[in-house]
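Participant: Work from the hints to combine the two standalone chains into their complex.
If you're matching them up, the sequences are chains A and B in order. To convert a position in the first sequence, counted from 1, into the numbering used here, add 674. To convert a position in the second sequence, counted from 1, into the numbering used here, add 20.
Errors might be hidden in some of the hints.
As the list claims (entries may be wrong) - Straight line, CA to CA, 25 Å or less: simulated SDA-like cross-link-like pairs of lysine to any residue:
#1 K579/B with M789/A
#2 K807/A with V890/A
#3 K579/B with G889/A
#4 K784/A with G377/B
#5 K26/B with G377/B
#6 K784/A with K468/B
#7 K807/A with R733/A
#8 K812/A with E744/B
#9 K354/B with P714/A
#10 K579/B with M697/A
#11 K435/B with G889/A
#12 K435/B with G857/A
#13 K901/A with E835/A
#14 K354/B with D745/A
#15 K781/A with K435/B
#16 K579/B with V890/A
#17 K781/A with S166/B
#18 K279/B with S689/A
#19 K354/B with M692/A
#20 K784/A with K754/B
#21 K812/A with L736/B
#22 K354/B with H708/A
#23 K812/A with K435/B
#24 K781/A with G167/B
#25 K468/B with R885/A
#26 K741/B with V848/A
#27 K901/A with M692/A
#28 K812/A with G167/B
Unchecked claim - Covered stretches of chain B, as calculated for chain A (at least 3 residues, CB under 8 Å):
#29 177 to 189
#30 193 to 205
Derived by calculation from the structure, the hints in this document are not laboratory data. As the structure is a prediction and not an experimental result, all values here were calculated from the model. We put the CB at the ideal spot given by N, CA and C, even for glycine.
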Amino acid sequence: MRAAVLLFPGLNRESDVMRALEMASGVKPTLVWHAETDLPAGTDLVVVPGGFSYGDYLRCGAIAGRANIMDSVRRHAERGGLVLGICNGFQILCESGLLPGVLMRNKDLKFVCRMQHLRVERNDTAFANQYAKGQVIKVCVAHGEGNYVVDAETLDRLEGEGRVAFRYCDSQGVVGGEANCNGSVNDIAGVYSSRFNVLGMMPHPENLIERIMGGVDGRGLFDSLVKAPARAA
Amino acid sequence: MRSEPKVTPELVAEHGLKPDEHQRILKLIGREPTFTELGIFSAMWNEHCSYKSSRLHLRKLPTKAPWVIQGPGENAGVIDIGDGDACVFKMESHNHPSFIEPYQGAATGVGGILRDVFTMGARPIACLNLLRFGSPDHPKTRHLVSGVVAGIGGYGNSFGVPTVGGSVNFHTRYDGNILVNAMAVGIAKADEIFYAKATGIGRPIVYLGSKTGRDGIHGATMASAAFEADAEEKRPTVQVGDPFSEKLLLEACLEIMAKGCVIAIQDMGAAGLTSSAVEMGAKGDLGIELDLDKVPCRETGMTAYEMMLSESQERMLMVLRPEKEAEAEAVFQKWGLDFAIIGRTTDTLRFVVKHQGEVKVDLPIKELGDEAPIYVRPHVPTAPKPVVTAQDVAPPCSVADALLQLIGSPDLCSKRWVWEQYDHLILGNTVQRPGGDAAVVRVGDGPKGLALTTDVTQRYCEADPVQGGRQAVAEAWRNITATGATPLALTDNLNFGNPERPEIMGQFVGCLQGIGEAASALDFPIVSGNVSLYNETQGRGILPTPSIGGVGLIDDVGKSVGVAFAAAGEAIVLVGESRGWLGQSVYLAQTCGREDGAPPPVDLACERRNGDAVRAAILKGAVTACHDLSDGGLAVALAEMAMAAGVGAQIADGPADMPAHGWWFGEDQARYILTCRKADAPSILSAFAAAGVPAAAIGETGGDALRLGAERPISLLDLSKAHENWLPDYMRGKSSAT
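Chain B with its partners taken away, still in its complex shape (with noise of 0.2 Å):
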């Protein structure tokens, strides 16, 4: 048997491990830690696991409501939905291993995302993504979108779960570190839920999935570089996924759990086995005790250190009910799983890990966890942006002009190329298809359903992190109510920069505290999240993205409404305020070639204010569509229900005293398009004035063209084209730039 390398300070700072945390472990365990403890610290206390930047702000997210079961700290948030059933959900980054092997990357973050899901004992019945690529003219853009899309495809079509929605966007700030978020959700009994709380004293810790090889082994690989002989037997560091393995492993997870076999159960995500186990000992207060000679591994020769920090994916640890043991392992039979007793609980609150006779490890199982170091990182708040009036801005050209050349832009366009290659139709549940504001996909028989959205405007966060962690917020509370859905809770995935710049981090705090100021406002809790940091490449950070993944519900699918205008002849209705706000817009980036100004301010009490009445309308049943207004303004969201529909459109001028492209385009918050029979719109109207929410009829659908005021009309052919052809196009190679 190989020795092991001695722990040097060198052997120490390649493990990412500053000095003083060094200190920090020599304290805690009174000498130097082995080789394989080493790798242990150095997975449990970097800034994946310990989130020891984010820790302290994190804290102050608003996570609580009435109907949140399970909020941050387990594998995934859990909210009642009433009828004794739960809904658990999670998003999570896989953003550095998708930039280095887009499919597997991108296809592995939604297996594991899955795994979290199932492993609290819900189904997954949806999926939806976050994507952010580099500017289109970057050589690597093309590769990348269709390595991740392909991936995310590959993993979610075969496991069987419908991707109904996501969002994607390109800027050049993404060129070398993409985004890649995925979002799972599911359904649960809501007393059924498992946790990864281990108890009772001398029970087996059962090993189900996957057999455990060298892939994904982080940090190892320079360190191992230096005493391995054959360099052979490095490996990359990005995992492969299996989804039928994972496909295998829900149906037998679910099986199991539903014959009453298990106590505690937790997927070895992040860490492997290290996490999964400490996990399980440090949440029951006990110890664990593993024998990596019972683990089932790909290849020999593993060594501790390799079996304890491996990342291979699909697999599971759990601690069985004794009397159910047999029954359990009938089950992993029929699906052809391979399992094993790796270990047992103890009452040492150790965790200690032998291999071939020899202890590798022996530390304090709960100091792992609660004594990873806590940063309180300096940080400076970004400067605020002057704020740019329609007045200021020379339009370059025709509304019309304007209007074709936006919703044929890269961040604009029609995402079917994307989502024709998610089967999102698999289960027969998608009432509401991607495209639209939110998906909205029936639970079970229904009647009710879940509404899903991911959403967030990076260029608002870069300009103002606190308004722009707001809007993130807001606009995914939006786009459930536009279905007619009550917004529930939230899943964030905050990806940024390095948290040891100052302004790195007082984004990351900025954007944080417009989140937890909207949660609040909102009654949306945060119920789960994952904080991605280090997205910089060569000192350039990203822009500052807090994606928020948003889940409402409806008591009735059959009320919900889509964006697509339902019939010509109908009433179109403008719900908010309109000011005509150019700052930060899609209009001055895209067709002024400006990325300036202050982003819209969200007023959170009118978000709630318009956001109900909206809901109310649409419930009461006269409302025939509604779309949410965001990027690209009145303009691109009335095109956006043309074109849905193929059904056009005429709209009236906006007010005389405000510059056209400040109306058709300006980005003001809280705002709604909504249709109904022209003889409900009465109706409609004083109900909104009654609430005092200002909405106004501006126009009728109909007719094959869309008609803006005393615009050119523009016929929806070319529209369509506009939006549909970029995409695809470029993928071909045809277009590169907008």
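Isolated chain A (complex conformation) (with noise of 0.2 Å):
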């Protein structure tokens, strides 16, 4: 699996991504700067990580999501091509119109840095085919702006597609309530696109893939994306 890291000035866990990708895959990702137009040819997976771009002193992910190299991220995708979101990359996602939606502050107002227990939703999909249908896994979050929110039509074909991938939960897998870390509408931290080769998602299970560092149940994602079929165009 060939990844493709993006970097805008402002994202800061590049290096997290990279060590997860690496160690499921074997090889290590490319780091594309934002000012390159052009993907690396052969690139399979397309990862836009975690951080502060441009310090979202205006909507998180607003000026990104506008970067010219968002052009050939979206031709990717159209392309079949894997594209995953995570936290700034998710709410970078939406702004660049692959995913719907928009992540408003958290309900608290407050930045939210804890373990949270996510329930997959499906694992027929190239991000999740290492889990269990239903299956809670343990990662984390760290985000001041995650509360997910779309329209209620849209909200109603995402449900009504099976497009959520994961839901905030407690250990026991049970929804709502304190598990919700941030205001999410029906508790959903993470969306596929409609062709599901667009995954975003505000937890981190780049960092639980070592026992040491409290688990390792955010393995599965990139061990999936790894099994999955490649699919660059």
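Facilitator: In structure tokens form, the structure reads like this:
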């Protein structure tokens, strides 16, 4: 699997996700500077990591979502190529139009960094094939603006098409209440595009890949990507 | 162009310079200084930059060890951590700004200390902090807690460094003067450390980073009001932080350092352009000439005075290798950073500043720093307090009730509300997270790691500065030891009241004596630090608070242990001698409402012996959890270990001749709790015996309650509720007092 990790100024979790990708695939991902216009030839997966692109002084991800390199990412996605956006990357994918919805301030208006359980909603995708459907995984969150909001019609469509990837839940898999760390609608922690080749998620699977760091539940996502059939066009 | 105001004795006084200091300037330069020069003297000779009250005493501290690469005097301290790696770290205060504007004050405190670390060529891998707020009942406290925590998180989270540890206490003596001490830790190659010292004559001086604005001009506010017609030009003296710019600055600086472009580099911190330029020249025995017309400015019409004293954040000054200038320029452009050549090095040993064709400053560069006044402030030692024995203290309630009250009190409650606002997991190397003794952070892909902590027990320092100073160092050392790491060096942040009061100076001298004694005895040298004096409001000083930031090394993070009980059915071992010392304990203050007595004495030989034995036991692999005993003594430590694990414990009663509250809540020093499988207990105990360290099995883990001897069992649910709820409830405005 050849992965390209985009780097916008202000992103800061690129090394975390590169470590996870390399651990799963044995191949070092390519870091792609935002000023480039093309993705490296043969890219299977584009990753937009977390951080604070351009300081997030405007709406989160708004500037990065309109960068030139995002045209290449859109073309890559149109060809069926895989795209993963984590945290600020999720916000950037929403801003770029690759995913519906927007990430608002957390419900209690505070940044939250903590361990977080997620329920895997389906496992027939390139991103989740190494998990079981309904499996509860422990990863972490670290964001101030992760409150996923979409209009009612889009929400119905997302739910109807089964495009919710993960939901915030407690250790027993029960969603809602205190388990929802940011107020996201329907406890949504991650969503797929209509063709299931683009995933945006607020939590950080890349930080839970080693037992000594508190768990390995995040590995499943990267292992899934390695197992997924190559889709590069 | 406006002409500069005339320098009068009143203007000199408004700049915080005393008449004898004015005389000193006249003697040094042989004439009245210009207005801009006066500003420069005021910036260089204030307490913050010159250490004029503290220098004499700081010199006595132990700062050397074979593993110390750079001690105090640079941007940060540097120690060797093996494999060609160095750890660069320092702690610094941002107390006054944080009281005025808590979010930006705290944020720029973090920004400043991060810059100190990466200026030396190190990539920051962790931040910590030590916060002291006023009484929870004080009307400003909630607002200050909220702003400071958000500011620390806002800066560090965006910059991309995990904030892994800290300490938060409340006391009415901080009502008008909170403490915000921030510590940053970075990793560099031991042979690639960068310094401020400029070399070479005629070399260009490069300004990099944010534009210069009118923010943070100290002392200038009053002075400028006298001559500025339009009041709208006044700006608050608190700077505004921009973590995005700082992140760009970090990446750009590390990139040009790796390319070999940098000869000298200095960040613009306190006293901005003035102190960074003077530092570069003075350390390199060179003169510096600056042309202020070249300085990138945020607003028009800035005077030389304003530019020289601006404390706008996220700015760097450097001397580049001439043949590498183009390469460096390309890096600055890539990161979208402002840069300009604003001067050059000279052979004159003069600090010359030109603006709009006029020479505004022409001063001897070395004397600006070297000839700063130094004071031998009179000091009186703190009178010793009488020893309070446990027999002297009538327990007002049962041990169980006291424990529930203590772990739900402002100082001992869970600080989860605070550290969940800090990204403590970014970089994926945080092995021991906030909430334990010391944080453990893996270095790169490991296996080695650093143990990091901040600590001080200010009520001990107030009661007995020497013992309090010793204890602050000893506790930081213990925190590191309890993870299995070997303590290597420390940074201190000495927060005190007005040094012109002999009793405050006595606290300072006493604490420093204690810190020095402990640092020597524990081989735990001071490699960097910061002094913050004049922390007083309306004549009332803060509690003496010499914050200690400790760094230790463990060769394999896999061997480190945390505070949480590992499993049910394990043996609980108490290490160290318990005498039931209640003087200055949290129990005495919180439960009995008495802040009195002598603090527990610190026997440094005993600290060393006990700590070394505990570390050895951990590194042998048989210890499953470890916690040092400090505030609240045995009962609080056990409760913390149980709550962290969700596993209870049954503990034996103390010796018959010791009052129960002394046994459970005494704060005798040099003690630890550790757990191990029952089968391993005999060998662990005999190893302690062989080392001459008192140790005894006092109980067993298991169950869903904490059973302290014959006391009423307390369910973990009740414990956790009391422990976790106080701070969130307080911040929501549900409760105020304890």
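Participant: Hints the structure violates: just list their numbers, smallest first.
Facilitator: Violated: hints 4, 6, 7, 28 and 30.
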